[in-house]
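**Student:** Taken in order, these protein sequences are the chains called A and B. Using the working numbering, read the first sequence as starting at 13 and increasing by one per residue. Using the working numbering, read the second sequence as starting at 44 and increasing by one per residue.
It should be emphasised that the hints constitute simulated quantities derived from the structure, not laboratory data. Remember, predicted model here, so these are calculated numbers, not experimental data. Among the hints, erroneous ones may be present.
Stated by the list, open to error - Just some of the chain A residues that point at chain B, by a computed CB distance under 10 angstroms:
{"hint": "1", "residue": "S93"}
{"hint": "2", "residue": "S108"}
{"hint": "3", "residue": "R359"}
{"hint": "4", "residue": "I363"}
{"hint": "5", "residue": "E366"}
{"hint": "6", "residue": "E392"}
{"hint": "7", "residue": "S557"}
{"hint": "8", "residue": "K567"}
Claimed, not checked - Here are the simulated distance ranges between beta carbons:
{"hint": "9", "chain 1": "A", "residue 1": "Q235", "chain 2": "B", "residue 2": "R169", "range": "49 to 59 angstroms"}
{"hint": "10", "chain 1": "A", "residue 1": "T367", "chain 2": "B", "residue 2": "Y194", "range": "50 to 60 angstroms"}
{"hint": "11", "chain 1": "B", "residue 1": "D87", "chain 2": "A", "residue 2": "T259", "range": "49 to 59 angstroms"}
{"hint": "12", "chain 1": "B", "residue 1": "N105", "chain 2": "A", "residue 2": "T482", "range": "32 to 42 angstroms"}
{"hint": "13", "chain 1": "A", "residue 1": "P368", "chain 2": "B", "residue 2": "N105", "range": "35 to 45 angstroms"}
{"hint": "14", "chain 1": "A", "residue 1": "E334", "chain 2": "B", "residue 2": "K96", "range": "44 to 54 angstroms"}
{"hint": "15", "chain 1": "A", "residue 1": "T367", "chain 2": "B", "residue 2": "R99", "range": "23 to 33 angstroms"}
{"hint": "16", "chain 1": "B", "residue 1": "N214", "chain 2": "A", "residue 2": "S468", "range": "52 to 62 angstroms"}
Quick reminder that beta carbons are idealized off the backbone N, C-alpha and C, glycines included.
Each chain, written out:
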Amino acid sequence: MKALIRYKFAHCFRVALRSAVLAILLPLLFSTFAHTEFIPPTDLSHAEIMRLGERMYRQGILPSGKVMETFIRGDVAVDSSAFSCSSCHLRAGLGSFEGGVVTPPTNGNKLYKPYRRPPSFGDVADRAGRFIYAKTVVERPPYTRETLATAMRFGTDPTGQVFNDVMPRYPLTDRDMSILISYLEALSSEPSPGASSKQFKFATIITDDVSQEDRQALLLPLQTFIAQKNQQMGMFNDFIKFGYSPTIDMQFAFRSASLDIWELKGPPESWPAQLSAYYNANPVFAVLGGISNSDWRPIHEFCEAQRLPCLFPITDFPVVSESDWYTYYFNKGYTQEGEAVARYLNRQETISTETPVLQIVQDSQVGKALAAGFRKVWKECERQEVTTLTLSSQQLLDQTAMDKLLTKHKPEVLILWTDAELLPNLPALIAKLPAKGMVFVSSGYLGKKTAAIAESVRERVYITYPYRLTPYVGSKVGGFDAKVPILPSSKDFGNRRITSRSIAMLQQTTLQGLNLIYDNLYRDHLLDIMSMQMDVTVLDYERFSFGPGQRYVSKGCYIIQLGPGLDPPLLPLSDWVMH
Amino acid sequence: MRIPFPRISLFFVILLFVCILPVRPTHAADIKYKRSIEKYNIPDVVLINQDGKKVRLQSLLNSDIPVIVDFIYGTCTTICPVLSAGYVNLQRKLDADNQKVRLISITIDPENDSPKVMKEYLKRYRAKPGWDFLTGSRADIDTVMRAFNAYIPDKMSHYPLNMIRMPKNGNWVRLFGLMSTKEFLNEYQMATAK
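My request is simple: use the sequences and hints to build the entire structure.
**Tutor:** Written out as structure tokens, the structure is:
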């Protein structure tokens, strides 16, 4: 009997052992069969893999050209063309923080290292007791290509933790997955030129059509900013000399800074070569401000090509683009004033499709920029093109010819994109219009003389004004606080606000980006951080607003009229932003 | 005498043990949204839709058709795409019958969200008729957000919110959080039940 029991026990043990061995080996066997290393396709060049990967990441388009299909929250199907990886992880792949959701980094450098995310609002209920929804993975070990593929397909990290519901699940083929993973591995893998753990190198750009006075107005705040950064660095070094130990993160808040001045001379066609020479001699991390009275386009295009951030140059001729990335502008310059007139007229009940509108454009760069802005928005409003006449400054001052034009076209709305030379003739021109005829002019183009519009016709003249009209009561940033509200007045016409705008750019916008860049010294990351900023109130504009891809931070332009007197009050007729 | 031995069972028990051993408990996936019934006084404001047309909000919302409202903006990351994907899927589930539901998205970025931006946004999501995206002056948008107890001083600190108006009594179902298509459809059906 004992022998039988011994036999049965031994049999059981053998069976159990066999089962255990099988149980351990089978999953390994399956995993071997299912195993793939997600090695990039050998039939594609590296450049092609990067191109296809970038398209998947930024636009949600598969290498086949089809749209990447994804699922959110289990069963919510969505096309990645509407909602791509870069929508949340942003262009540099370092992630974002928006709406209480922390989106972690997704570049190879970070993915293949352990991760611990910064604290999130989602960790605790907010003061209003709102429901917590923004939970994200707090900590995870490094990914491998395989676990990364699992993460994108099934939404789990290497330890099986499930991602926040806003992360889509991507049912990609092995080949497509390998392309995307290769792109992520290359994304933000090398620090951008011009930055190190100890220093930021900057440049500013000044063209030779800028007056000495304007040049100084720009350089004063820029050089003060650089001096402040270096002074802080000195204090930080003293702090260490005296034996204090900074926390690990504290070192990232202190870097010295330098500022090169890139002077551009001669015709704009020669600027790209000059810029290349400056850049190659000493590559910088970003261009801080800059100033030109000419078209900014050659500089804009150089910065796009070099992937070099250019932060808030003083220009009235920015490049207006919905997709360009590297230059931040205060606004669209003259184009924005032209757009404002189109929006204002479009909302007037008295303006019908039959209303004769005549646009007279001085044959100049300014006139053309104003007219282009008007035309673009007028077309978007599905309005018929207006009659547009481009005249030289001599033709504009020929009173007889102008009278004939007005008699011929009988405009009820006359848009005059001209300089202030025409102002003395304005009452005579208005006399030729119907009783309720309106005249639109640009305060940017008229400059200081805007206030000289004859009092007798002020009720008929509508003026674009792209600056603040409400009292400015200061901000908490940068020691630029006003103790009493600053009120705009007609004396502000023609003021280019070079220093005050540059201070706002540095202290209220750029500094935040530089402070939050941490050890991720990538130019795209700087732009990503800046785009995620909260709105700010500044001296010259009612509001700066940001958002991924938004590059013109002041979106408004008033239509105003002048009140009576030599220093007339500025009377708004429109909202700051019109639609 | 033969002693039966459950070899297969033992194999699966051990297999199960081997499989679950390295897996740590999961969390975060089962967070649900918060639901409440509210009454809102819709302000009498005129907003502008994606076609540039003026629309009186009261007449748009006080409707015999069920209405759903959310707050989004054109260049939003994370939350808005999820909310908008929810709208798209609801339209698909309801076979794009725009008499069954009226979907309203109200921008919280009126500075940037012009009719053109809103129209492109809807196009990107392949929205069908019956989903309108509204903008307006900041003052009016603020008034609307306050009326829905959803005032967001800055768009970067917004949160996911859907509100379904029940045609039978004009009350609103307030849904805070992100929902699956099934949950969203279920809420719609409950809100529109006779």
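**Student:** State for each hint whether it applies.
**Tutor:** Against the structure, the hints come out as follows:
1. The interface hint given for S93 (chain A) is met, as the beta carbon of that residue sits about 7 angstroms from the closest beta carbon of chain B, less than 10 angstroms.
2. With a least beta-carbon distance of about 6 angstroms to chain B, the hint placing S108 (chain A) at the interface is held under the 10 angstroms criterion.
3. A least Cβ separation of about 9 angstroms between R359 (chain A) and chain B falls short of the 10 angstroms threshold, and the interface hint therefore holds.
4. At about 14 angstroms, the closest approach between the beta carbon of I363 (chain A) and any beta carbon in chain B exceeds 10 angstroms, and the interface hint on this residue is violated.
5. At its closest, the beta carbon of E366 (chain A) sits 19 angstroms from a beta carbon of chain B; the interface hint therefore is violated under the 10 angstroms criterion.
6. Evaluation of the E392 (chain A) hint against chain B yields a held restraint, the C-beta minimum of about 5 angstroms falling below 10 angstroms.
7. With a least beta-carbon distance of about 4 angstroms to chain B, the hint placing S557 (chain A) at the interface is held under the 10 angstroms criterion.
8. Given hint, K567 (chain A) at the interface with chain B, holds; its Cβ is 4 angstroms from that chain's nearest Cβ, closer than 10 angstroms.
9. For the pair Q235 (chain A) and R169 (chain B), the supplied restraint of 49 to 59 angstroms holds, since their beta-carbon distance comes to about 52 angstroms.
10. For T367 (chain A) paired with Y194 (chain B), a C-beta distance near 40 angstroms fails the hint of 50 to 60 angstroms.
11. As the Cβ distance of D87 (chain B) to T259 (chain A) is approximately 54 angstroms, the hint placing it in 49 to 59 angstroms holds.
12. At about 34 angstroms, the beta-carbon gap between N105 (chain B) and T482 (chain A) stays in the expected band of 32 to 42 angstroms.
13. Here the CB-CB span from P368 (chain A) to N105 (chain B) is close to 40 angstroms, well matched to the stated 35 to 45 angstroms.
14. Checked against the hint of 44 to 54 angstroms, the C-beta distance between E334 (chain A) and K96 (chain B) comes to roughly 23 angstroms, which is inconsistent with it.
15. Taken as a hint, the range 23 to 33 angstroms holds for the pair T367 (chain A) and R99 (chain B), whose Cβ atoms sit roughly 25 angstroms apart.
16. A hinted range of 52 to 62 angstroms for the beta carbons of N214 (chain B) and S468 (chain A) is consistent with their spacing of about 59 angstroms.
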